[in-house]
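A.B. asks: Here is what each chain is made of, one letter per residue.
There are 2 protein chains.
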Amino acid sequence: MNIYDISEKAGVSIATVSRVLNGATNVSEKTKQKVLAVIEQYEYTPNAFARGLGLNTMNTIGVMCADSSDLYLAKAIYYIEQKLRANGYDSILCCTGYDLAAKIKAMNLLITKKVDGIILVGSNFIYDRESDNKYIIDAAAQVPVMLLNAAFESPNVYSIVSDDFTSIHDATVEMIRSGVEDIVYFYNSNSYSGKRKLAGYRAAMEEHGLLYDERLMQFYQGSHEDIAAMTAHLTALRDTGFSFHGLIAADDNLAIAAVKYAKKHNLSIPDDFSVIGYNNSLLSCCSDPEITSIDNKLETLCQHLITTLLGVLGGNEMPKITVFNGELVTRGTTRATTPQG
Amino acid sequence: MNIYDISEKAGVSIATVSRVLNGATNVSEKTKQKVLAVIEQYEYTPNAFARGLGLNTMNTIGVMCADSSDLYLAKAIYYIEQKLRANGYDSILCCTGYDLAAKIKAMNLLITKKVDGIILVGSNFIYDRESDNKYIIDAAAQVPVMLLNAAFESPNVYSIVSDDFTSIHDATVEMIRSGVEDIVYFYNSNSYSGKRKLAGYRAAMEEHGLLYDERLMQFYQGSHEDIAAMTAHLTALRDTGFSFHGLIAADDNLAIAAVKYAKKHNLSIPDDFSVIGYNNSLLSCCSDPEITSIDNKLETLCQHLITTLLGVLGGNEMPKITVFNGELVTRGTTRATTPQG
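Chains as they are written, first to last, in our numbering: chain U, 12 to 352; chain L, 12 to 352.
Only chain U is shown next, with the shape it has when bound in the complex (with noise of 0.2 Å):
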C-alpha cells in the first residue's frame, strides 16, 4: 500500500492525496475524508505523511548517475546538488554504471535510506523493455522520481527533457544549408536521449533526401575518453573509400575527434570541413578552432527540475513533462548559412 495505491483506490491525484497527507487546506472536506478513509481502511502511515507532520523527514534527495566521470552527467550532478542546497535539502548521490541490475541497486539503497525523492541523471535509465522499468515505478510508488533528459510516463514519475531531436534536425539543416551535404552523424549511445538526437538527424537529411548510405551514421563504441581511438575510427571509415565534407557529433568530445581527423588530412575547418558537436561543454572551447555545439540549457532543466520536485514534495499539481529548446552556439567549425528566399 503507497501513495498511488491511495490515489487509485480514491479516485483523486497523487498531488491530492499529497495534499491530504500534508494538511494543505486547499482541498475539499469530502476529497479530503475520502482519501482518509482509504488511509484508515488500508492502515496505511505514509512517509509524507509523518513529513507533514514535521516527523522522520530526511531532507535528503537520492540523486542517481551512471558515471560521473562523464563531463555532462559531472556538470547535471554540480547543478542539481547546488540547487538542493540552496532549498535545504541534501543529496546523496549513487554512481552506479549503466548495467541495470546496478541501477536497481542503487535504487532500492536510496528508498532503505529514506530519502524524499529520487532523481535519475542522464537518459540511460529509461529501457526499451518495458519489464525494465519496472524499477522506476516501484520507486515512483514511494517516493517522487524525477527523470534528467528522458521521458517516461508513469504515476508520481515528472520527466525534464530537452528537444534533442530537434535540436539536432535544426542544426543538420543548418548545415546543409551552408552547403554542405554529405554529412556524418557520429555517436556513442542508445539511450533514450542518443535515439532522439539520431532521429532528429535522419529526420533532417530523408527531408533532404541526403540519406543515401547507411555509412553516414557511425556508431563509436569505444571509451568516451579516447579521443585517439575516435579519430581513428574516422581515418578508417574515410579509408573505405567514403567521402564526408561534414560531421555531426552526439556529443562534445566526438567532434573534438572530427576536429582532429580534418587536421590530421588537411581538411581546412570549416571550408573543407564543418563540425557540430553537442553540449556545449569545456571540449568545445579547448578545441583550435573552438567548436560550433548545441547548448541543451542543462543549468535551466536542472533548476526546472528542482522546482518540479519541490513543487511535488510541497504538494503541488506539477507537469508530468517539461520539455526545453537547445539552442545552436556557433563558433569556428561551421560556415555561414546562405540566406534562404
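These aren't lab readings, by the way, just hints derived from the structure by calculation.
Some hints here could point you the wrong way.
[What the hints assert, rightly or not] Estimated spans, in silico, between C-beta atoms of each pair:
hint, chain 1, residue 1, chain 2, residue 2, range
1, U, Asn98, L, Gly190, 53 to 59 Å
2, U, Glu328, L, Asp16, 52 to 58 Å
3, L, His219, U, Glu225, 33 to 39 Å
4, L, Ala239, U, Thr348, 24 to 30 Å
5, U, Gly99, L, Glu40, 33 to 39 Å
6, L, His219, U, Lys116, 54 to 60 Å
7, L, Asp143, U, Ser234, 36 to 42 Å
[What the hints assert, rightly or not] Taking beta-carbon pairs under 8 Å as the criterion, some of the chain U residues facing chain L (in silico):
hint, residue
8, Asp101
9, Val184
10, Ile187
11, Ile267
12, Cys297
For glycine and all other residues, C-beta sits at the position ideal for the given N, C-alpha and C.
Following the hints, position chain L against chain U.
C.D. replies: Chain L alone, transformed into the frame defined by chain U:
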C-alpha cells in the same frame, strides 16, 4: 566513547582494537583482555563490533567531494565508486562545495547514515587552521577516514597522496633544461595539494636563481571553466610589459588557456612558448598541439585508497600515509631537454 578512546585507554593501536572487535586470531590473549576490559568498563557497543558479528553492516562507504563538475574530482569519484562496487560496497556521494560548514554538515549526515567509512576526495578538505580540521578527527572517532590527495596525521585517518611537490619541481627543472628561464606558474587553488605544487615550482626556480619576480606566480581566481578569462589573465600580464616564454599550470584547463594565449599572440609552440599542464586529463589531448602534462596516477591512488580502506575495515594494520610519484607525459607543448653532462 569510541574506538579511538578505547585504543588510548587500553594502550594499544586502533588496528588492534579493531582486530579484537572483529575476532581476529592474531592478537595475544593479554591484549585482547585489556581491550575487552575497557569496552566493558565503558559499555561500548561499537559499529565495528556489530560488523564483526555480521550485524548491522551497511557495506556502504560515504564519499565526499567539493565539486563533482571538476574533471579531476569527477574522475576520482568514478574510480573510487567502481573499485568499491567491485568489492561489494555501495558508495554514497555528497557534493559539499568548498564551504567548511557544508562539509561538516555532509560529514554528520554520512555518520548518521551509519556508513562503514568515509573518503574525502581532494585536498580542499584539509585546512590550515588546526581547529578547522576537528570535523575530520571527530568523524575518524566513528569510522575510518580516507584522504585522497591530502596528508593529515590523526588516529584512524589514512592518506593517499601523489608527490605534487616533486612532480612540479621536476617538471620545472625539465623546462629550465630545455632552455626556458622565464617560466610563469599559473594556479587557481590554495588547497593542500595546491600549496605543495607552488612550493615545488618555487624550489626549482630558486635552485636555479630564476625566481626574480613575484609576478612569475600568477593566481587565477575565476571559474575553472572560463578558459577565455584565464587567457585574458595572461594577456593582461603581458600587457604590463612582463615577459615570459614558458608556463607551468596547476591544472590542464589553465594550460589550455596558456596555449590559446600563445596562439593569440602568434607565439610558436613550443619554440617561442612552452606549456606544461597538470592531471594528464582529457583536456590535454583536446588542445592543438596536445599538452605535455603531469600524470599524478589518479587510478593508482584510488586503487590504493580502497585497498587501504578494506584493510582497515578488515582489522589490519595499514600504512597511515602512502605517497606515489607522478609522471611527466611529454607531448607537443615542450621542447626537448638538452642532455646534462
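A.B. asks: Are the hints correct? Go through all of them and say.
C.D. replies: So, going through the hints one by one against the coordinates:
1. Take Asn98 of chain U and Gly190 of chain L: their Cβ atoms lie about 55 Å apart, and the range 53 to 59 Å holds.
2. At roughly 53 Å, the beta-carbon separation of Glu328 of chain U and Asp16 of chain L lies within the given 52 to 58 Å, and the hint holds.
3. With their beta carbons about 60 Å apart, His219 of chain L and Glu225 of chain U fall outside the hinted range of 33 to 39 Å.
4. Ala239 of chain L and Thr348 of chain U have their C-beta atoms about 25 Å apart, which keeps the hinted 24 to 30 Å range intact.
5. For Gly99 of chain U paired with Glu40 of chain L, a C-beta distance near 53 Å fails the hint of 33 to 39 Å.
6. For His219 of chain L and Lys116 of chain U, the hinted distance range of 54 to 60 Å is satisfied, since their beta carbons lie about 55 Å from each other.
7. Between Asp143 of chain L and Ser234 of chain U the CB atoms are about 39 Å apart, so this pair conforms to the stated range of 36 to 42 Å.
8. Taken as an interface hint, Asp101 of chain U checks out: its beta carbon lies about 5 Å from the nearest beta carbon of chain L, inside 8 Å.
9. A distance limit of 8 Å between C-beta atoms decides the matter here; for Val184 of chain U the minimum to chain L is near 28 Å, and the interface restraint is violated.
10. Violation of the interface hint for Ile187 of chain U is found here, the shortest Cβ-Cβ separation to chain L being roughly 27 Å, above the 8 Å cut-off.
11. At about 5 Å, the closest approach between the beta carbon of Ile267 of chain U and any beta carbon in chain L falls short of 8 Å, and the interface hint on this residue holds.
12. The interface hint given for Cys297 of chain U is met, as the beta carbon of that residue sits about 4 Å from the closest beta carbon of chain L, less than 8 Å.
In terms of the numbered hints stated before, the structure departs from hints 3, 5, 9, 10, listed from lowest to highest.
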